[in-house]
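Undergrad: If you're matching them up, the sequences are chains A and B in order.
Take the first sequence: its position 147, counting from 1, is numbered 147 in the numbering used here, and each next residue is one higher.
Take the second sequence: its position 272, counting from 1, is numbered 272 in the numbering used here, and each next residue is one higher.
Possibly wrong hints are sitting among the right ones.
If several chains are the same, the list does not tell them apart, and a pair holds so long as it fits within one copy or across any two.
[Said to hold, decoys possible] In silico DMTMM-like cross-links for lysine to aspartate or glutamate, where the CA-CA straight-line distance does not exceed 25 angstroms:
#1 Lys-124 to Asp-112
#2 Lys-66 to Glu-283
#3 Lys-124 to Asp-111
#4 Lys-124 to Glu-30
#5 Lys-124 to Glu-186
#6 Lys-253 to Asp-114
#7 Lys-266 to Asp-190
#8 Lys-266 to Asp-127
#9 Lys-266 to Glu-55
#10 Lys-266 to Asp-51
#11 Lys-266 to Asp-48
#12 Lys-266 to Asp-314
#13 Lys-253 to Glu-149
#14 Lys-66 to Asp-113
#15 Lys-124 to Asp-113
#16 Lys-253 to Asp-78
#17 Lys-253 to Glu-34
#18 Lys-124 to Asp-301
#19 Lys-124 to Glu-153
#20 Lys-66 to Asp-190
#21 Lys-260 to Glu-287
#22 Lys-266 to Asp-113
#23 Lys-124 to Asp-148
#24 Lys-253 to Glu-299
These are calculated hints, taken from the structure and not from any lab test.
Number of protein chains: 2
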Amino acid sequence: MDNPPAPCRSTVSDALVGEALDTLSPALAETGAEIDRLLNELLAVPADSRDRLYEAMRHAAIGGGKRLRPLLVLATCDLFHVDRRRALRVGLAVECVHVYSLIHDDMPCMDDDDLRRGRPTVHKAWDEATAILAGDSLHALAFEVLADEATHEDPFVRAELVAELARAAGPSGMAGGQMMDLRAEEMALDLAAVTRLQQLKTGALIGFCLEAGAIMGRVPPEGRTPLRGYARDVGLAFQIADDLLDAEGEESKTGKRVGKDRTAGKETFVSLLGSERARQQAEALVEQAAVHLQAFGAEADLLRAIARFAVERDH
Amino acid sequence: MDNPPAPCRSTVSDALVGEALDTLSPALAETGAEIDRLLNELLAVPADSRDRLYEAMRHAAIGGGKRLRPLLVLATCDLFHVDRRRALRVGLAVECVHVYSLIHDDMPCMDDDDLRRGRPTVHKAWDEATAILAGDSLHALAFEVLADEATHEDPFVRAELVAELARAAGPSGMAGGQMMDLRAEEMALDLAAVTRLQQLKTGALIGFCLEAGAIMGRVPPEGRTPLRGYARDVGLAFQIADDLLDAEGEESKTGKRVGKDRTAGKETFVSLLGSERARQQAEALVEQAAVHLQAFGAEADLLRAIARFAVERDH
Numbered sequence: 001m002d003n004p005p006a007p008c009r010s011t012v013s014d015a016l017v018g019e020a021l022d023t024l025s026p027a028l029a030e031t032g033a034e035i036d037r038l039l040n041e042l043l044a045v046p047a048d049s050r051d052r053l054y055e056a057m058r059h060a061a062i063g064g065g066k067r068l069r070p071l072l073v074l075a076t077c078d079l080f081h082v083d084r085r086r087a088l089r090v091g092l093a094v095e096c097v098h099v100y101s102l103i104h105d106d107m108p109c110m111d112d113d114d115l116r117r118g119r120p121t122v123h124k125a126w127d128e129a130t131a132i133l134a135g136d137s138l139h140a141l142a143f144e145v146l147a148d149e150a151t152h153e154d155p156f157v158r159a160e161l162v163a164e165l166a167r168a169a170g171p172s173g174m175a176g177g178q179m180m181d182l183r184a185e186e187m188a189l190d191l192a193a194v195t196r197l198q199q200l201k202t203g204a205l206i207g208f209c210l211e212a213g214a215i216m217g218r219v220p221p222e223g224r225t226p227l228r229g230y231a232r233d234v235g236l237a238f239q240i241a242d243d244l245l246d247a248e249g250e251e252s253k254t255g256k257r258v259g260k261d262r263t264a265g266k267e268t269f270v271s272l273l274g275s276e277r278a279r280q281q282a283e284a285l286v287e288q289a290a291v292h293l294q295a296f297g298a299e300a301d302l303l304r305a306i307a308r309f310a311v312e313r314d315h
Numbered sequence: 001m002d003n004p005p006a007p008c009r010s011t012v013s014d015a016l017v018g019e020a021l022d023t024l025s026p027a028l029a030e031t032g033a034e035i036d037r038l039l040n041e042l043l044a045v046p047a048d049s050r051d052r053l054y055e056a057m058r059h060a061a062i063g064g065g066k067r068l069r070p071l072l073v074l075a076t077c078d079l080f081h082v083d084r085r086r087a088l089r090v091g092l093a094v095e096c097v098h099v100y101s102l103i104h105d106d107m108p109c110m111d112d113d114d115l116r117r118g119r120p121t122v123h124k125a126w127d128e129a130t131a132i133l134a135g136d137s138l139h140a141l142a143f144e145v146l147a148d149e150a151t152h153e154d155p156f157v158r159a160e161l162v163a164e165l166a167r168a169a170g171p172s173g174m175a176g177g178q179m180m181d182l183r184a185e186e187m188a189l190d191l192a193a194v195t196r197l198q199q200l201k202t203g204a205l206i207g208f209c210l211e212a213g214a215i216m217g218r219v220p221p222e223g224r225t226p227l228r229g230y231a232r233d234v235g236l237a238f239q240i241a242d243d244l245l246d247a248e249g250e251e252s253k254t255g256k257r258v259g260k261d262r263t264a265g266k267e268t269f270v271s272l273l274g275s276e277r278a279r280q281q282a283e284a285l286v287e288q289a290a291v292h293l294q295a296f297g298a299e300a301d302l303l304r305a306i307a308r309f310a311v312e313r314d315h
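Work out the full structure: start from the sequences and follow the hints.
TA: What follows is the structure, given as C-alpha cells:
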C-alpha cells in the first residue's frame, strides 16, 4: 500500500492506521475471541449472592479492549513455537491484571471516569465497593491462571511467570507507577521523570508480555536482551500515543473521556515536547523497536506490526 | 492453672484468656517480630514519589495485628519439620493478603472505618487512592514472595502455594465472601447462609494457612483431611468470636469500632443464635478442632492453643 507523508495530520496518518490495522485486525480479532471464550468459562456466574461480583468482572473483562497485551504474549510465544493454548492462558493472566488496574484507576478517588471502552465503568454500573472487589478478584485470578498446570507442565516455568507478573504489577512496577502518576499533579515533572513514571505505569506490564514469551520459550535470561529492548521502546511509544490521543483524540473513538491530562495539570510527553515532537519521538521508538527484532527475521513480523499499531491507532 | 466455669461472663472468661495467652504470647510475639523484620526489608522506602505508597504499606502492615495467620502457618509447618525461615515467608505472604483485604475493607464504600489496630486506617492517614494502591501492592507482593526461590527450592511447591493462595483470596474465596457480606444487608440470611459467607470471607484464608503447611511438609492431598477439618472449625470459631467482640467488646481493646453489625442490620452468628448459644457453639468448634489433631500428639499443642485463643481473645 502506498504511504505518502501527511504533513498536516490532526492525530495520526489515516493511511498508516489502515496499513497497521490491515495486518493486525485478524490477529486482534482472533485473540479477542479466544480471550473472551476463556473468560466466559472461568467467570461462570454462580447461583448465590456473589453473582454481582462475577457480573461486574464479566462486564469489565469480556468483549472489550484492544487485547494488545495478550497479542504481545502470543506474538512472542510464536517466535519460540510455544503451544498456542498455553500462550493464551498467559495472555489471559496479563489481561486480567490490566483490566483490574483499569477498574481501580477509573474510581472516583483515582481518575474518576464514567466511561471505559464505550461502556459505563464498574463503579457507575454498580457501585464503588463492587469495583474494588471486582478488581481484587481479577488480580487474584491472574495468578491462579498462571500457577495452574494447564499453563505449563513445568512448575519452574509457572513459578517464574508468577514472580515476573507479581513484580510487574506491584509497587516496583504498575502500582508504583500509578502512585507516581497520582502525585504528578503536585510536582513539575521533567521528561526523565515522566519517562520513568510511564516505564513503571504501563511499561512494566508490557515488559512482562515479552518476558513471559521468553520464559515459555525457554530463552535464558541472557538471551532476552533484544526482547526487553523491544518492550521498552514499544511501551514508551504506546504511552506517547496515549498522550496524543488524550490531547487530540475523540471520545467517540477512544471510548473514554479525553483531555484529562490538561485538565488535571499533569505533565505528559505532549505537554513537555509538543505534539509534533512527541509524534516524531513515538515514530523513532517504533523504528528502534524493529531494530531489536532483526535477528528474528520474518517470524517477528507480527511484533513489528504491533509496534506500528501501538502508535498508529485511533483508540 | 485452675479454670472454674464463669456463669455470667460479659465477653469471655478472663481466666481462659489468661491461659491461652500464657501459652501463645511468646509464640505470637516472636512471630510478630519476625514478620515485621521481613516486611521492614521488603518495604524499604524508595527515594522517589512512590515513597507515599511504601509508607502506607508499612503503616498498615508493620507493628500491628495478631499475626494469627502466620502463626497458623508456622505451627502447621512445625508438624512436618519445615525450615522456619521458609515457613515464615509463607506466613508473610498470607499476612500481606490479610492486610490488603483490611485496607480495602476499611474504605468508605465498604465498612467505612477510621480506626484499625488502634491507628487511623490508610484512607484516613492518607487518602482513598493511596489505600487502593497500597492494598493492590500488598496483594501483588504476596505472590512475589511465594514464587521466590527463597520460599522453597522446589518450584512445584512454589506453584502449588501460589495456586492455593490465589484461590483462597479470589472470587471463590475471600473476595467472594466479601461480596456476600456486602449484600447481607439486603437479604435476611439464615444460619446456613451466614456460615457459608464466613467460610469464604475468613475461612478460605485460614484454610490456606493449614494447606500451605501441608504443601511445604510434602503431605499428599489425601493426608490433609484432619488439617482441613481443623481449619474449618477454627475458622468458624474465630468468626463467632469476632461477632461476639463486635456485639460486646470494647473499642479500647479491639482497636476498631464495635457494634457495626447491629448498626448495619446484618445477621451474624450472635444475632441468629444469641450470645450465649453463639459462645457455646464456638467452644464446641474448638473442641472439635482438637479432635482432628489427635493423630499428631503433643507436636500439635501449638495448633490446639491457637484454637483456644481464636475464641478466647479480647481483641
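Undergrad: Taking the earlier hints as the rules, which of them does this structure contradict?
TA: 4, 13, 16, 18, 19, 20, 21, 23, 24
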